[in-house]
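Chemist: Each chain, letter by letter, is given below.
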Amino acid sequence: MAAQEQTDGPPPRQPIFREVWGDVTVAIAMLAVAAAFYFGADAIETPQATEIGPRAYPKACSLALAIAAAALLAGAIVRVTKSELGETIAFPRFGAVAIAALITGVVAVTLEDLGFNLVIGVWVLVMCLLGGVRSPLMLVALCGGYLLFAKVVFQLLLKTPLP
Amino acid sequence: MLQNLMLGFSALASLKAITSLMVGILLGYTVGCIPGISASIGIALLLPFTFGMEPVPALCMLVAVYMASEYGGAIPAILVNVPGVPGAAAAAFDGYPMTQRGEAGKALTLSILGSGAGSFLSTIFLILTAQVMADVALAFGPAEYFALAVLGLSLIVTLSTGSLLKAMIGLLFGLVLTAIGVDPLTGDNRYVVVRGLLDGIPFVPALIGLFALAEVFFMLEIANQPQPKMPTKLSLWSSLGVLNPHWGNVFRSSVIGYIIGVIPGAGAAIASFAAYACEKRLNKGPIPFGEGNPDGVVASETANNAVVCGALAPMLALGVPGSASAAILIGGLMIHGLQPGPLLFTNSPQVPYSIFASLLIGLPIMVVLGLAGARLWVLVTLIPRGVVATMVGALCLTGAYASDNDEFSVAVAVAFGVIGYLLRKVDIQPAPIVLALVLGEMMEINLRRGLISGNNSLMFFLSSPISGSLLVVAALLLFVSLFTRKRAVA
Amino acid sequence: MGTTPRRIVVAVLSVLAAAATLQIAAAAFPEKPIHYVLHVSPGGATDVLARVLATALEKQLGQTVVVENRPGGSGARQMAALEKGPNDGHVIGAVTASHIAIFQQRLKEYNIDSVEWVAQMVVDPYLFAASPNAKFQSLEELAAYAKANPGKVKIAGFELGSGGHIAWEILSASMGLPRDAIIYVPYRSVKDGIVATLGGHADFSIGYVDLVLPYATTNKLNVIGVMSDKRSDLLPNAPTIKEAGFDADTDWQQFRGIIAPKGTPPDRQQALAEAIRKAMETPEFKKYVKDAQLMPEFRGPGAFRAFVKKQDDLTRDWLQKLKLAK
Chain A
790 MAAQEQTDGP PPRQPIFREV WGDVTVAIAM LAVAAAFYFG ADAIETPQAT
840 EIGPRAYPKA CSLALAIAAA ALLAGAIVRV TKSELGETIA FPRFGAVAIA
890 ALITGVVAVT LEDLGFNLVI GVWVLVMCLL GGVRSPLMLV ALCGGYLLFA
940 KVVFQLLLKT PLP
Chain B
9 MLQNLMLGFS ALASLKAITS LMVGILLGYT VGCIPGISAS IGIALLLPFT
59 FGMEPVPALC MLVAVYMASE YGGAIPAILV NVPGVPGAAA AAFDGYPMTQ
109 RGEAGKALTL SILGSGAGSF LSTIFLILTA QVMADVALAF GPAEYFALAV
159 LGLSLIVTLS TGSLLKAMIG LLFGLVLTAI GVDPLTGDNR YVVVRGLLDG
209 IPFVPALIGL FALAEVFFML EIANQPQPKM PTKLSLWSSL GVLNPHWGNV
259 FRSSVIGYII GVIPGAGAAI ASFAAYACEK RLNKGPIPFG EGNPDGVVAS
309 ETANNAVVCG ALAPMLALGV PGSASAAILI GGLMIHGLQP GPLLFTNSPQ
359 VPYSIFASLL IGLPIMVVLG LAGARLWVLV TLIPRGVVAT MVGALCLTGA
409 YASDNDEFSV AVAVAFGVIG YLLRKVDIQP APIVLALVLG EMMEINLRRG
459 LISGNNSLMF FLSSPISGSL LVVAALLLFV SLFTRKRAVA
Chain C
414 MGTTPRRIVV AVLSVLAAAA TLQIAAAAFP EKPIHYVLHV SPGGATDVLA
464 RVLATALEKQ LGQTVVVENR PGGSGARQMA ALEKGPNDGH VIGAVTASHI
514 AIFQQRLKEY NIDSVEWVAQ MVVDPYLFAA SPNAKFQSLE ELAAYAKANP
564 GKVKIAGFEL GSGGHIAWEI LSASMGLPRD AIIYVPYRSV KDGIVATLGG
614 HADFSIGYVD LVLPYATTNK LNVIGVMSDK RSDLLPNAPT IKEAGFDADT
664 DWQQFRGIIA PKGTPPDRQQ ALAEAIRKAM ETPEFKKYVK DAQLMPEFRG
714 PGAFRAFVKK QDDLTRDWLQ KLKLAK
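So the sequences go chain by chain: A, B and C.
Following this note's numbering, the residues of the first sequence are numbered contiguously, the last one being 952.
Following this note's numbering, the residues of the second sequence are numbered contiguously, the last one being 498.
Following this note's numbering, the residues of the third sequence are numbered contiguously, the last one being 739.
Next up, chain A with everything else stripped away, as it sits in the complex (with noise of 0.2 angstroms):
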């Protein structure tokens, strides 16, 4: 959508890649999706002899998306043959995504185990530091303030338990 438009001037230290590559790239990893799907299709247990069982609808769609793919790879391989590399696809900060990309990941597979509280605490306060907030007292305000609206609208209002 339109996010990405407003990116001029990149940064240091941001991986170069262009549009065709990226063509390639996900031409590729929709080819390994199809092609786990495709099989992955024949490992499904059933004891259903009639003609269309669970395997099936996987098959098709996943035969359907190699297709697809494989004609996105194709154009890419024509393109780059004639050295029509597209523009840059920007990834402006990406330190600072990758971070909070790992994170939240960090926080899926926590929440339950360290609670609620502590894990999107520090989440709320990593990110905070991310996007550019400074001020000790902003980072504290922010960080309580959510906790805070979490319990009052999560536990009070909708009677939802957080870990």
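Worth flagging that the hints you see were computed from the coordinates, not collected in a lab.
Positions of the beta carbon are idealized from the N, C-alpha and C atoms, including for glycine.
Hints may contain errors.
Said to hold, decoys possible - Label pairs and their calculated CB-CB ranges: (1) A:Ile888 / C:Lys472: 53 to 59 angstroms; (2) C:Glu444 / B:Thr27: 35 to 41 angstroms; (3) B:Val480 / A:Glu876: 28 to 34 angstroms.
Said to hold, decoys possible - Calculated pairs, BS3-like style, for lysine-lysine (alpha carbon to alpha carbon, straight line, at most 27 angstroms): (4) A:Lys948 / C:Lys497; (5) C:Lys699 / C:Lys675; (6) C:Lys675 / C:Lys736; (7) A:Lys848 / C:Lys736; (8) C:Lys734 / C:Lys655; (9) C:Lys675 / C:Lys723; (10) C:Lys643 / C:Lys565; (11) B:Lys24 / C:Lys497; (12) C:Lys643 / C:Lys736; (13) C:Lys521 / C:Lys548; (14) C:Lys736 / C:Lys560; (15) C:Lys700 / C:Lys655; (16) C:Lys722 / C:Lys691; (17) C:Lys736 / C:Lys723; (18) A:Lys948 / C:Lys722; (19) C:Lys734 / C:Lys699; (20) C:Lys643 / C:Lys472; (21) C:Lys734 / C:Lys521; (22) C:Lys560 / C:Lys700; (23) A:Lys871 / B:Lys433; (24) C:Lys722 / C:Lys700; (25) B:Lys433 / A:Lys948; (26) C:Lys736 / C:Lys565; (27) C:Lys691 / A:Lys940; (28) C:Lys643 / C:Lys655; (29) C:Lys521 / A:Lys848; (30) A:Lys948 / C:Lys655; (31) C:Lys723 / C:Lys643; (32) C:Lys723 / C:Lys734; (33) A:Lys940 / C:Lys734.
Using the hints, position chains B and C against chain A.
Modeler: Relative to chain A, chains B and C alone:
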């Protein structure tokens, strides 16, 4: 009927009923704004509170929650490109570009007025046609559902921007993913590598990831850039006029939303995509759809609110819920010993008619609260991006957890967040994937069911007039678009 | 001298002590809120029944009963919560007949011995309801029509291998119909199957009394056979399978009850069952059962387990016969 409606109004004319209506609307807004707590989850969470109430106020509150949360989802969609409920995904297509242009106030006002108008028109449809529409709901069997799903998937050619091939890849990727989980007809496990996948990929967390968390990462990219311009303010009076150029759109989208709402299993997401696609085809204005066309916001919001009344029609007249939310409302009726169905209108007419009355009374309240809210919500655009990203992200993680009370849903949201972020980098948009996640199972299950019913003959799907015509429309849509697109490129 | 009074004192003391421990044992359960874990989301029939029971149980046990919805994973999330326990009677779960088929087909790491069967509350006999437009309006006509027109008649029901599907196969076998005479079209739920029949997409469907009653009383569906030994009070005109002339096993029934984590002490199971039995006698619960058209049939721990064992054996036999077992 008028007499019954008066009965409904008098059942509502108590402080208790009006208060519960207000509370319901406020709760609905809150629920709608939070990504992860969709209308149906919100109603389910609030249901236990109504058990101790009298039947009429209890139902008013639940219906108000339903109505307001379908609207509330548009607020974050417009402001930060994060739909609060699945039905608001289409509202972000044009609402968010409007915000970037500094027109957040106008977009929010359009969305609340559109929602209000959609609800009002569809309430009128509901009062007049509830009984007839019950038959429409019943007319949908395997062949018709299959055709509907195909038609829905073919909307992709209209909805997608940019490369059609990439939109197809997104769609097929989504369809492949819907194969995960227990086979809906035979109960065999398919690709259940983790226990949490038994019921398939949980839809709400996937949606949070694709739209919301991916957007959080994008916000982080530009967190150190200057804020967008200050939104232009609208006076309350002039804001009432912004809907005037869109009445045709409002009417069409209300009809689309109402009819799709009637069909069980086809909900607000499909309706808003369909209305959006319809208006996009008709668009003759200067601003293309997807770049901040006000009609896009109006179409999506009108349609997703019209779904509410549509879903209530077969529920009240037949006991067959038109949506997941309506299914939970049936539980709300049952706990009070009321069985929705053909006998409800004869045995306890005060119940359906007080629902109608509460819709009519609740609407102005919802619109006024929404208009007032819109003026406050605009201020969100002034908050630094880094803070908005953090708060939206935290809300998404909490919402994902609360949608299922399960850590696994958070993991799903995060995985889809990263996938959505990377796919958007190569210009594969989340909308086709979501469309496929919504419709994939409907297509597969009804295709197979139809083949079982029709002795493995594909002609079965053309044998009914409804499914036949839906399939013809889908085919036309595909061919016409492919043709016009080619011409546009050349 | 002195021994007698001392003996008396000792005796009295020990009696008192015994009485005290008994008191403690009795008073100690339940000592904290009871968690009642459901496998369904709020709003459905099972959820509503659970909430009515929870309210009635609170009065019997003097403790809060917290209803926890853990839907998803075909019951896997509920089973995980039960396994987590603790197995001291403070965690209970809702159970329906579908659990048995699910244990055999999907969650194969579980079987009926993975939980304690505390109490059965209600049973729901299966029934068969025909569309008024169908070419047959009784089981006898159905049998004759299906034999004459194999592959023409469609029955709508819940997914393959479900309780309803097996109920149909039991009936079909007793009618002497070949397997492909009637097409079984699986739907997402029993209710969806009924809706499909209402819409004319199937000729008849499997159902329960509470699900078909509103349509049966308005002549949108015609109940042609109830799989039970006696007619339903709510559907007095609907014949039982036996009355319709077929000898099908009527022990095959849908039921709803309460389970507890494996290893919950028998005396606590008994205490819970007793509280449930009493709760079922309260006017509120009785009113709900009447409104919701359920058939109450209480079974305590031992009897429930035996009933479930029979259902489990039947399920296994039928899944193998239908080539649905893995």
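Chemist: Decide, hint by hint, whether the structure agrees.
Modeler: Evaluated hints:
no., hint, in the structure
1, A:Ile888 / C:Lys472: 53 to 59 angstroms, "54 angstroms, holds"
2, C:Glu444 / B:Thr27: 35 to 41 angstroms, "38 angstroms, holds"
3, B:Val480 / A:Glu876: 28 to 34 angstroms, "40 angstroms, violated"
4, A:Lys948 / C:Lys497, "22 angstroms, holds"
5, C:Lys699 / C:Lys675, "30 angstroms, violated"
6, C:Lys675 / C:Lys736, "31 angstroms, violated"
7, A:Lys848 / C:Lys736, "23 angstroms, holds"
8, C:Lys734 / C:Lys655, "23 angstroms, holds"
9, C:Lys675 / C:Lys723, "20 angstroms, holds"
10, C:Lys643 / C:Lys565, "31 angstroms, violated"
11, B:Lys24 / C:Lys497, "42 angstroms, violated"
12, C:Lys643 / C:Lys736, "32 angstroms, violated"
13, C:Lys521 / C:Lys548, "41 angstroms, violated"
14, C:Lys736 / C:Lys560, "23 angstroms, holds"
15, C:Lys700 / C:Lys655, "30 angstroms, violated"
16, C:Lys722 / C:Lys691, "25 angstroms, holds"
17, C:Lys736 / C:Lys723, "20 angstroms, holds"
18, A:Lys948 / C:Lys722, "38 angstroms, violated"
19, C:Lys734 / C:Lys699, "40 angstroms, violated"
20, C:Lys643 / C:Lys472, "34 angstroms, violated"
21, C:Lys734 / C:Lys521, "19 angstroms, holds"
22, C:Lys560 / C:Lys700, "44 angstroms, violated"
23, A:Lys871 / B:Lys433, "23 angstroms, holds"
24, C:Lys722 / C:Lys700, "31 angstroms, violated"
25, B:Lys433 / A:Lys948, "38 angstroms, violated"
26, C:Lys736 / C:Lys565, "23 angstroms, holds"
27, C:Lys691 / A:Lys940, "38 angstroms, violated"
28, C:Lys643 / C:Lys655, "9 angstroms, holds"
29, C:Lys521 / A:Lys848, "26 angstroms, holds"
30, A:Lys948 / C:Lys655, "50 angstroms, violated"
31, C:Lys723 / C:Lys643, "20 angstroms, holds"
32, C:Lys723 / C:Lys734, "17 angstroms, holds"
33, A:Lys940 / C:Lys734, "53 angstroms, violated"
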